[in-house]
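4 protein chains.
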Amino acid sequence: MSLISSSAVQQHNNRDSCWIIVHGKVYDVTDFLDEHPGGSKIILKYAGADATEAYDPIHPPDAITTNLPKEKHIGAVDPDTMVKVVKTVTDEDRRRQALMDARPPLEEILNLHDFEVVAKRILPDKAWAYYSSGADDEITIRENHTAFQRVWFRPRILRNVSAVDWSHTILGNRTSLPIYISATALGKLGHPEGELCLTRAAGKYGVIQMIPTLASCAFDEIVNAAVPGQTQFLQLYVNRDREITKRYVQHAEKCGVKGLFITVDAPQLGRREKDMRMRFVGDDAGAKVQEGQKVEKNQGVARAISSFIDPSLNWDDIPWFKSITKMPIILKGIATWEDAVLAAEAGVQGIVLSNHGGRQLDMARSGVEVLLEVTEKLRERGLWPNPNFHIFVDGGVRRATDVLKALALGASAVGIGRGFLYSFCAYGQDGVEHAFKILRDEFEMNMRLLGITKLDQLRPEMVDARALTAHSVPTPSDNLFGQIYQPLATTQFKESKL
Amino acid sequence: MSLISSSAVQQHNNRDSCWIIVHGKVYDVTDFLDEHPGGSKIILKYAGADATEAYDPIHPPDAITTNLPKEKHIGAVDPDTMVKVVKTVTDEDRRRQALMDARPPLEEILNLHDFEVVAKRILPDKAWAYYSSGADDEITIRENHTAFQRVWFRPRILRNVSAVDWSHTILGNRTSLPIYISATALGKLGHPEGELCLTRAAGKYGVIQMIPTLASCAFDEIVNAAVPGQTQFLQLYVNRDREITKRYVQHAEKCGVKGLFITVDAPQLGRREKDMRMRFVGDDAGAKVQEGQKVEKNQGVARAISSFIDPSLNWDDIPWFKSITKMPIILKGIATWEDAVLAAEAGVQGIVLSNHGGRQLDMARSGVEVLLEVTEKLRERGLWPNPNFHIFVDGGVRRATDVLKALALGASAVGIGRGFLYSFCAYGQDGVEHAFKILRDEFEMNMRLLGITKLDQLRPEMVDARALTAHSVPTPSDNLFGQIYQPLATTQFKESKL
Amino acid sequence: MSLISSSAVQQHNNRDSCWIIVHGKVYDVTDFLDEHPGGSKIILKYAGADATEAYDPIHPPDAITTNLPKEKHIGAVDPDTMVKVVKTVTDEDRRRQALMDARPPLEEILNLHDFEVVAKRILPDKAWAYYSSGADDEITIRENHTAFQRVWFRPRILRNVSAVDWSHTILGNRTSLPIYISATALGKLGHPEGELCLTRAAGKYGVIQMIPTLASCAFDEIVNAAVPGQTQFLQLYVNRDREITKRYVQHAEKCGVKGLFITVDAPQLGRREKDMRMRFVGDDAGAKVQEGQKVEKNQGVARAISSFIDPSLNWDDIPWFKSITKMPIILKGIATWEDAVLAAEAGVQGIVLSNHGGRQLDMARSGVEVLLEVTEKLRERGLWPNPNFHIFVDGGVRRATDVLKALALGASAVGIGRGFLYSFCAYGQDGVEHAFKILRDEFEMNMRLLGITKLDQLRPEMVDARALTAHSVPTPSDNLFGQIYQPLATTQFKESKL
Amino acid sequence: MSLISSSAVQQHNNRDSCWIIVHGKVYDVTDFLDEHPGGSKIILKYAGADATEAYDPIHPPDAITTNLPKEKHIGAVDPDTMVKVVKTVTDEDRRRQALMDARPPLEEILNLHDFEVVAKRILPDKAWAYYSSGADDEITIRENHTAFQRVWFRPRILRNVSAVDWSHTILGNRTSLPIYISATALGKLGHPEGELCLTRAAGKYGVIQMIPTLASCAFDEIVNAAVPGQTQFLQLYVNRDREITKRYVQHAEKCGVKGLFITVDAPQLGRREKDMRMRFVGDDAGAKVQEGQKVEKNQGVARAISSFIDPSLNWDDIPWFKSITKMPIILKGIATWEDAVLAAEAGVQGIVLSNHGGRQLDMARSGVEVLLEVTEKLRERGLWPNPNFHIFVDGGVRRATDVLKALALGASAVGIGRGFLYSFCAYGQDGVEHAFKILRDEFEMNMRLLGITKLDQLRPEMVDARALTAHSVPTPSDNLFGQIYQPLATTQFKESKL
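As you go down the protein sequences, you meet chains F, G, U and R in turn. For what it's worth, this note's numbering labels the leading residue of the first sequence as 1, then goes sequentially. For what it's worth, this note's numbering labels the leading residue of the second sequence as 1, then goes sequentially. For what it's worth, this note's numbering labels the leading residue of the third sequence as 1, then goes sequentially. For what it's worth, this note's numbering labels the leading residue of the fourth sequence as 1, then goes sequentially.
These are calculated hints, taken from the structure and not from any lab test. Glycine included, each C-beta is placed from N, C-alpha and C at the ideal position. Misleading hints may appear alongside valid ones.
Unchecked claim - No farther apart than 27 Å at their CA atoms in a straight line, the calculated lysine-lysine pairs in the DSS-like style are these:
no.: 1; chain 1: R; residue 1: K494; chain 2: U; residue 2: K126
no.: 2; chain 1: R; residue 1: K41; chain 2: U; residue 2: K87
no.: 3; chain 1: U; residue 1: K494; chain 2: U; residue 2: K437
no.: 4; chain 1: R; residue 1: K72; chain 2: R; residue 2: K41
no.: 5; chain 1: U; residue 1: K437; chain 2: R; residue 2: K494
Stated by the list, open to error - What follows is a list of derived Cβ distance ranges for each label pair:
no.: 6; chain 1: F; residue 1: E461; chain 2: U; residue 2: R440; range: 55 to 61 Å
no.: 7; chain 1: U; residue 1: K326; chain 2: R; residue 2: L383; range: 33 to 39 Å
no.: 8; chain 1: G; residue 1: Q483; chain 2: U; residue 2: R466; range: 43 to 49 Å
What the hints assert, rightly or not - On the chain U side, residues computed to face chain F include the following (Cβ under 8 Å):
no.: 9; residue: E116
no.: 10; residue: R121
no.: 11; residue: E138
no.: 12; residue: S167
no.: 13; residue: T169
no.: 14; residue: L171
no.: 15; residue: N173
no.: 16; residue: R174
no.: 17; residue: M278
no.: 18; residue: S472
Using the sequences and the accompanying hints, generate a full structural model.
What follows is the structure, encoded as structure tokens:
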């Protein structure tokens with residue numbers, strides 16, 4: 001196929017004929033303009049030009065080739081004809097650089113919260129909105145974290161805790177920590193190297209990474225960045241076209257991926273209003289509402305990238321998955337003991353008690369709360385404990401103590417998603433490594449303080465989880481009384497002397 | 001009857017002889033001045049002149065003809081003698097217009113809360129006070145919403161949710177949504193077209209509207225605005241004069257109204273202090289309190305318009321209602337299982353578990369909380385489930401998830417009042433339609449996430465309502481400790497570099 | 001006894017010989033200077049002069065005659081020799097007058113909270129501190145009010161509530177409201193006419209007043225201000241000298257007082273730190289702490305006026321009280337069912353479940369909470385219901401609904417102290433009358449909304465008090481998480497257009 | 001050994017050869033520079049010079065002799081050769097002096113909170129951070145105090161409480177108060193005289209002091225400051241070298257110490273992030289984070305001074321302790337009934353239910369909560385009550401009422417650490433004495449109000465502790481609703497008149 005000159009592309013710079021260049025390939029997106037989940041306007045900005053830089057952070061690498069019919073793939077652009085764009089430094093670039101210069105040195109990052117503070121300030125608003133948003137009123141996203149505060153410790157004392165070991169096994173694979181990196185989408189919104197920051201740090205520290213279907217980096221890139229013997233899992237959104245899914249899964253297995261985590265709580269991606277509101281930022285603020293005008297607009301990044309997900313996925317599909325892969329199959333997104341029983345009976349190797357980081361059904365319960373009923377009911381039925389059926393938990397984890405609580409209550413391991421995502425936004429791979437070190441220190445200390453030297457010494461009676469299912473919502477406040485009551489004051493210094 | 005000239009009316013412009021014009025008719029209100037629930041001052045402002053514009057938004061259309069004896073109906077004014085009033089644009093008009101210009105386009109309204117934000121800012125203070133106020137300390141009005149947050153979901157996964165259907169039947173009438181528009185008074189305070197905004201949108205979207213007794217628009221106007229086949233219900237305040245009530249009910253039935261919702265929780269309209277305080281705004285701030293002066297003043301809009309309601313209404317009246325209409329009879333405002341049992345035994349077709357939007361008895365419980373005890377006790381007595389006895393719930397609904405919770409717990413449908421009222425304040429009929437679309441989207445998504453494709457698949461075990469009856473009120477805060485404790489800080493950017 | 005000239009008194013103007021004039025009588029307080037609970041400094045300010053104006057608001061009228069030995073009563077001053085003091089108008093006088101001019105007219109006072117707001121602003125700081133303060137951390141004073149918010153209503157509907165009657169009987173005496181004015185000390189701190197404001201309003205409205213031992217007005221003044229047939233009770237602090245107590249009680253009985261409420265929860269008056277801190281205001285701010293200096297200072301008004309109270313009072317004293325009076329005896333300040341049983345067995349006519357308005361033992365429970373256990377245990381023992389044994393409750397009442405809750409749970413009547421105290425601070429007798437009218441309106445409406453026409457129709461099942469004994473204290477807040485979480489925003493107006 | 005001249009020391013003023021003078025002795029710390037838990041930089045600042053003033057407040061007196069090998073102890077400096085340093089007054093000195101001048105006089109300190117307010121303002125930031133910090137999210141440090149608010153009183157009335165006695169016996173030793181001064185480290189950070197302030201005040205007031213292993217003052221200094229007959233206990237961190245521990249314990253016993261409290265909840269000192277963040281204050285804010293740089297820094301004061309503590313300490317060590325001392329042995333830091341049973345079975349004389357002031361394992365429960373389960377389970381096993389096995393509680397105490405609650409629930413006595421520590425920061429010994437007087441007054445009054453005259457009259461039924469194990473964490477707040485709801489307003493003054 002002969003190369004296409006840049007000037008030829010530039011002819012197609014309008015709504016009637018719109019070509020764009022992405023990664024050196026030319027695409028005719030004229031017919032696609034109105035279907036673009038992100039709206040036509042943003043595409044038209046790059047009509048006849050190279051859109052790669054805008055495309056990259058918010059699309060999985062194969063989004064365009066998958067969504068655009070073959071016949072619209074025009075060909076490769078002639079690189080020699082591309083005008084070298086002198087990238088001008090924008091105010092936004094300068095703002096970000098100033099923030100990067102002023103960010104705290106890694107040694108001052110004492111816990112995973114600190115990474116979140118830094119990311120919140122450094123990320124562009126839209127990226128922060130996409131990463132941090134939850135469904136509807138965001139009750140569940142916060143409850144995920146809050147739930148851990150309803151589990152108290154019952155530590156044991158006077159045990160020899162000189163040597164403490166927090167290494168662990170997940171689905172038969174060794175790991176230096178009893179956690180895994182859970183899948184989160186679109187890593188390049190946070191850092192130019194995206195998910196590779198995780199892969200490289202995980203390889204160095206012996207931590208298991210779950211590769212997301214909606215990664216910004218290509219699957220092969222991520223797999224290839226692994227060191228020999230590094231364990232990776234795959235998170236799977238099931239495509240309406242099962243052949244695509246089959247190829248994807250089998251390719252992953254061939255590449256050495258060690259576990260298949262099928263997302264089952266997202267037949268449709270949730271409404272995340274922070275993300276949705278970002279769509280309106282920068283729009284023409286003067287646009288008048290006209291009676292009867294068509295008001296449909298895109299619905300945030302999440303909706304835009306997820307239209308391929310199959311809402312018909314159901315229990316009958318499980319045998320098929322078992323037929324196409326030998327990887328252990330884990331159902332990610334179980335929220336009741338009833339479904340946990342079905343999963344165990346379906347012969348999968350495990351489940352993740354999860355609500356998708358609070359991004360799907362708002363007011364779903366936290367994974368750690370569901371863990372209580374799941375272990376109880378599975379045990380009653382003789383389905384658990386079972387070396388071939390694992391219960392994982394994710395959501396809201398910020399501290400090693402959160403992990404230790406879940407393990408004490410029966411979890412095999414705990415997934416952390418945003419915690420690691422935020423750790424690379426401002427610091428890249430170094431941030432992720434520092435996050436591992438923080439957790440390692442926290443595990444060491446807190447295992448000592450709990451009186452254990454190995455994780456298998458954790459017992460349910462080492463926590464008091466009686467408050468976990470209690471959902472307190474205070475009665476509305478008494479405003480009249482509250483406006484009148486004058487809080488007690490403490491003693492006062494003589495200000496005249498100061 | 002001969003016409004009366006405008007100048008003749010103008011002679012009666014004082015306390016000794018006071019005539020006013022409303023909708024082209026002349027009334028002698030001299031003797032009524034001291035009885036006017038809104039005080040005499042406001043009437044005297046229009047003595048001898050046309051009061052229609054001030055009258056309209058805060059009176060039901062027939063208020064004056066009902067309350068004023070026939071002999072005070074002087075006759076029709078001669079329209080040719082009316083001075084054309086050149087309406088001057090006031091500062092308030094300009095303020096409102098500026099707000100209307102700046103209001104968010106409908107596409108940016110993402111949920112029912114957003115409508116409320118817009119209405120709060122755009123409405124005149126007195127209208128906002130009337131709409132938004134609740135009884136006494138407003139504990140119940142807020143509890144109505146808060147109660148839903150004590151009900152958590154137990155969603156099911158791996159079910160084929162490709163096709164989801166949220167249409168429903170209410171009292172045998174099809175509806176596109178499992179909700180109905182509940183009655184709220186005085187719609188013209190919010191928008192010049194008042195309740196017609198609701199009627200028209202409801203007709204277009206297949207939603208059922210409950211027509212309020214205290215509508216700003218005339219009953220016939222509202223009925224006539226319906227499209228063929230559109231279902232409407234009637235909310236009824238029972239008049240001390242039962243003949244008036246009989247005529248009203250039978251007229252409604254003849255007009256095709258499909259259900260009679262008799263309000264039973266308002267023998268006297270509640271004290272709503274926000275509304276009451278508005279009575280003093282704009283008064284002569286310099287008025288000195290004189291010892292012993294008569295301090296009675298009107299008590300807000302609610303009291304002013306409700307003096308006709310009969311506080312003697314009781315169970316013995318039910319057979320009479322059954323004798324005057326064939327419409328299904330629903331008692332609106334049940335608050336205990338004991339009264340639910342009495343209602344079922346009385347042979348009515350249903351009940352609404354409601355506390356009148358928190359506007360009557362403060363510290364009454366929310367409808368959704370009462371639903372728990374009502375279904376339990378009716379079931380114990382074999383009175384429910386019963387295709388001829390329906391349990392509805394209203395109060396505090398903002399999200400489709402709130403509705404789904406109530407349906408899971410046994411409600412036949414859910415009423416939404418203020419939610420739709422606020423939706424037309426700034427946007428008229430378009431706002432109501434947009435509200436329907438928002439709910440439609442929310443139903444679709446959340447049914448998928450719950451793992452159901454039809455509403456009859458909802459089950460009590462899909463929610464965890466154990467916390468619903470728990471009324472937590474924190475112990476008073478520890479102010480000395482709180483003033484001393486220094487909250488943990490996160491890591492800091494180097495500000496010198498920014 | 002011959003009169004003493006003013007100039008003779010002026011000779012005794014120092015620590016070595018200190019005379020003062022109070023109400024035209026001369027007293028030699030030289031030896032008393034160091035014993036004065038309020039410190040010597042304040043007395044020395046008036047040495048040789050007339051101290052009446054400073055004495056009056058913070059001393060019971062007979063404080064000086066009671067505490068000072070007879071031989072120190074020098075005699076009467078010759079009025080003709082008294083220099084007419086031209087009272088200069090101070091800044092404070094002007095400030096207070098401006099506030100009085102600007103205070104809301106009574107018609108704008110919608111509830112008892114409003115009186116409190118006005119009093120808080122108009123009262124001198126020290127008076128506000130004395131009235132409003134509670135013990136230690138003021139947990140109980142607030143809990144008293146908060147407890148009522150844990151009791152929810154279960155109102156009944158469809159009952160004929162045309163005619164509603166909220167009159168009542170307390171200890172056999174008719175009252176227009178089911179409440180009584182509970183005793184509070186030092187009324188003149190709030191208004192020059194002190195407790196008489198209550199007496200006169202109570203007489204006019206048929207409400208029962210409990211006369212405090214520590215009133216600012218003399219007992220006889222209060223009794224004499226009553227209208228014929230007006231009922232009054234007496235609150236009693238028992239004196240270490242029982243003869244004084246006996247004379248006081250028998251005098252009250254002779255004057256027609258109808259009930260004796262003996263305070264049993266104050267063997268020592270509580271530490272009220274707001275009140276105590278006021279002692280330091282206006283002191284020499286420059287005083288250096290010297291190592292080892294004597295740091296005892298007076299401990300607030302409460303301690304200063306209560307040294308006569310007998311901490312040895314105990315159950316063995318009850319027969320003696322029964323021997324000296326035929327008035328019904330009520331023990332005020334019971335806090336457990338155990339003591340309620342002892343009281344019933346001791347043959348008194350009733351008890352007040354009270355914690356002294358939160359001014360004594362902090363973290364004592366509220367009266368309405370104690371009511372639950374008291375009625376249950378007395379009933380178990382066959383001691384209640386009993387027409388000769390009454391259970392009263394006080395503390396934290398602001399609304400008629402609070403009263404209705406207590407009555408539903410078994411109280412015979414409810415005491416309101418501060419509520420009425422605050423009502424006269426800015427408005428005198430008129431304020432108290434307005435408070436009665438507010439309560440009357442609230443009783444009328446809320447009885448209708450509860451579905452009752454007489455108070456004896458109240459039943460325990462009309463309230464849901466299950467949460468009353470639940471004392472929720474939230475786990476300390478999660479500050480790191482809280483600092484990071486960005487609350488959801490609502491839709492925004494286009495500010496550029498405004 | 002001959003004296004070393006100051007100028008000789010000055011030669012060793014760099015990293016290659018670094019000598020310092022501490023208390024007149026010369027040490028060669030060259031090899032120790034990199035091991036110093038506080039970093040080398042701070043030592044090098046004093047290289048070749050006298051470091052005593054910087055050394056004293058943050059090191060136990062024998063830290064340098066213990067940690068530095070004998071051969072590095074160079075000898076004594078010749079005092080005649082020391083240059084008299086003219087201490088310049090710094091801005092910080094001036095700021096502190098101004099604060100000291102303006103501090104409230106002791107008579108204005110009404111409760112232990114007040115001491116904390118003063119200390120917070122007067123202490124250098126690093127001292128405040130060290131004293132006030134807790135582990136991780138500081139949930140436990142605050143819960144310690146909050147827990148007491150979940151215990152309510154059930155006071156008895158009509159008992160003769162004229163004479164009240166709050167003296168007590170702890171492990172057979174008389175004390176004037178039922179509390180002891182619990183061990184806290186590094187008292188000189190707060191006051192130049194450090195722990196001696198406590199010793200002297202305790203001696204004067206008959207209170208028992210527990211001497212901390214990590215005191216700023218030398219053990220002998222503290223013991224020698226005691227008056228004849230004054231009781232002291234010893235808090236022990238067990239050294240990796242048991243010989244050191246043995247010598248220390250036996251020396252203490254010989255000096256008359258009456259009880260050995262072995263800390264068992266600190267195999268490793270906790271992460272206290274406030275303390276850790278202080279390490280970065282004053283650092284070069286311009287230091288750029290370089291990829292891969294070594295980011296280890298010291299981890300706060302706590303870690304720096306605790307490396308000697310033995311994490312292998314376990315139950316098998318108990319017989320050894322019993323073999324080396326006759327002092328009663330108390331295990332400090334028990335957190336479950338299981339370990340309480342083990343302790344009773346191991347034959348020690350008691351336990352302290354404690355979480356180390358919230359400084360070790362975050363989300364451990366408060367001592368007073370653990371007390372409930374410990375007394376219940378020990379009683380079930382017949383191990384308690386037992387005159388030879390005592391249960392102590394510490395953590396979060398601010399009021400005598402806190403102590404009375406713990407005693408009612410079965411504690412033998414209660415430890416107060418920070419409460420007394422803060423009392424001497426600004427006031428020295430006088431502050432501690434004033435703290436005793438405050439507690440004494442609180443005990444007197446609250447015992448009266450509880451209806452007891454001696455502490456042994458306290459009974460479990462005098463408190464309602466049902467809420468103690470309830471750990472309420474509110475559901476995340478409803479931000480949209482909360483932003484819209486307009487709180488009720490009270491009545492308003494006419495501002496135009498003010």
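To see whether the hints hold, each was checked on the structure:
For the suggested pair K494/R and K126/U, the alpha carbons sit about 24 Å apart, so the restraint of at most 27 Å is met. Restraint check for K41/R and K87/U: not satisfied, since their Cα atoms lie roughly 71 Å apart, outside the 27 Å limit. Taking the CA atoms of K494/U and K437/U, the gap is about 47 Å. The hint is violated against a cut of 27 Å. Distance restraint check for K72/R and K41/R: the Cα-Cα separation of roughly 20 Å lies within the 27 Å cut-off, and the hinted pair is therefore satisfied.
For the proposed pair K437/U and K494/R, the alpha carbon gap of about 23 Å is at most 27 Å, so the pair holds. Distance hint for E461/F and R440/U: a CB-CB separation of about 59 Å, consistent with the stated range 55 to 61 Å. In this structure the supplied range 33 to 39 Å is violated for K326/U paired with L383/R, their Cβ-Cβ distance being about 57 Å. Hint check: Q483/G to R466/U, Cβ distance near 34 Å, so the stated range 43 to 49 Å is violated.
Interface restraint check for E116/U: the shortest CB-CB distance to chain F comes to about 5 Å, inside 8 Å, so the restraint holds. The interface hint given for R121/U is broken, as the beta carbon of that residue sits about 10 Å from the closest beta carbon of chain F, more than 8 Å. About 6 Å separates the beta-carbon of E138/U from the nearest beta-carbon of chain F, less than 8 Å, and the hint is met. Interface hint at S167/U: violated, since its Cβ lies 28 Å from the closest Cβ of chain F, which is beyond the 8 Å cut-off.
A hinted interface residue such as T169/U counts as satisfied when its beta carbon comes closer than 8 Å to some beta carbon of chain F; here the least separation is about 31 Å, so the hint is violated. Proximity of L171/U to chain F is violated relative to the hint, the smallest CB-CB distance being about 31 Å (cut-off 8 Å). With 8 Å as the threshold, the beta carbon of N173/U stays out of range of chain F, its nearest partner Cβ sitting at about 31 Å, so the hint is violated. Taken as an interface hint, R174/U does not check out: its beta carbon lies about 32 Å from the nearest beta carbon of chain F, beyond 8 Å.
With a cut of 8 Å, the hint placing M278/U at the interface with chain F is violated, because the nearest CB-to-CB distance is about 11 Å. The interface hint given for S472/U is met, as the beta carbon of that residue sits about 7 Å from the closest beta carbon of chain F, less than 8 Å.
Comparing the model with each numbered hint stated earlier shows that hints 2, 3, 7, 8, 10, 12, 13, 14, 15, 16, 17 do not hold.
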